[in-house]
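What the sequence shown shows, in mature numbering (1 follows the signal peptide of the UniProt record, and there is no 0), is residues -48 to -1, 1 to 416, in sequence order.
Please keep in mind that the hints were generated in silico from the structure rather than gathered at the bench.
Pairwise CB distance ranges (calculated):
| no. | residue 1 | residue 2 | range |
| --- | --- | --- | --- |
| 1 | Q17 | A64 | 40 to 50 Å |
| 2 | P162 | I255 | 20 to 30 Å |
| 3 | S181 | M412 | 45 to 55 Å |
| 4 | D80 | A188 | 27 to 37 Å |
| 5 | Q112 | D58 | 16 to 26 Å |
| 6 | P190 | D80 | 30 to 40 Å |
| 7 | E261 | H65 | 44 to 54 Å |
Taking lysine to aspartate or glutamate and the EDC-like style, the derived pairs with C-alpha atoms no more than 16 Å apart in a straight line are:
| no. | residue 1 | residue 2 |
| --- | --- | --- |
| 8 | K361 | D28 |
| 9 | K228 | D2 |
| 10 | K213 | D250 |
All figures in this text were calculated on a predicted structure; none of them were measured in a lab.
Where a beta carbon is used, it is the ideal one built from N, C-alpha and C, also for glycine.
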Amino acid sequence: MRQKMSHTAQTRHTVRVAAKAVNLRAMLATTAAALALIGVLAVSPARAQDPADSDRYAAIVVDAQSGEVFYAMRADSPRYPASLTKIMTLYMAFEEMAQGRLKPDDVITLSAHAASMPPTKSGLRAGDTITVDMAMRLIAAYSANDLAAALGEHIGGSEQRFAALMTVKAQELGMTRSNFVNASGLPDSRQVSSARDFAVLARAVMRDFPQYYEYFHVRSVQFNGRTYSNHNPLLAYPGVDGMKTGFINAAGYNLVASQRKGNHRLIAVMLGGSNKAQRREHVTSLMNTGFDVFARRDKGEQIVVAQNEFRSAMAPKYQVVGDSNALMAALDAQDDEDGTPVQRLSGTAKAPAVVAALSKAEKAAEDKAVAKKTSTTAAAKKKKKDPDAIWAVQVGAFKQKSLAADWAKDIKKRFPSLKGFETDVSENDAGRYRTRFIDMTKAEAQKACKAIEAKRLDCMVVKS
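Input sequences plus hints: build the corresponding full structure.
Set out below in structure tokens:
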């Protein structure tokens, strides 16, 4: 009996040992699978957060030739431009050169004010000299803050006066949401613009000064025995031939880019990116979607509202997993722009309410309109029959007809009540193209002007 019981106990012991072995093998297999999965996750792409979820995000994509807006999200909301400001600084210099008041080989002497600018900078000292051409190349490629200030002083007499001239020129170009207080884009709560304004500026550079556009394609600059590399990674992409990056803590990662494929060219503006990788990938995605619209239209497909094609382009496909904060910090430290961290606005500081306090309602409703060709609506036709509809509102006068037409579209988007009235863009005796909305009664014109002027925009009631 003992022997039998001993045999039974031994059998049970053997079963327990075997079970433990099976369990151990299962645990090892599970652990190996988990480790393998972790390894896959560490190197595999993961879904990233939609950049548009950020309150700082704003973007626009336009056809560089026609000005058609393919995509817009919060494109009219005020944002900090950071170093995108330097596109405006260079536009001012291009105008001076085109009119013969500034030459590429003119010499700029750095003032103490210019030399005191925080990085990114050339490192020249007060009293050092540099040619206009070299200064412009370093501003465009390397985003040199000291040289932007020096160029502004050279043209305007002082950086403050130059910034005022920048704002006046911006308004003339149709950049109605822009205010500049310095030439570099260094942090200042008063210096604001919008995605749409920078699309307008990019088109203006290409249209007005194509002979100088190559400054925005400079990959690197050799100066004083040192190589200064361009901050814009998209210049390595086929067809991308400009423009400019920008960053300050309050703004996030900004980018204006232009790309050509075949007979088509797109301009994309993204403001408020979370990091360089997101900015690069999102702008690339927007460009790819835009050129897909071109390709389908070229094949005869009718795509009236291009914005609808961008829904899938909103979120980037990949993001870094693991210790992404440390990795992004390492990447971002490679070519910081617009000042060292101690000279930037604090990352935890609140931007002014006009910039940062965007409500969920604004996010949902803003910038849904896409540019459409101006047409006479049924309501406008009805107004023509009204004998009292002999009045109009004039909202601007421009040197170029295209600017007047663009401004008409912009005003209609911002003031939906004007969509029922016909647009008139005609040249006056002074050679200016007037932007008007016509066939109104006097009461309608007065009401429209009151609404427009409430937004601090110019408007006057006239007989049409």
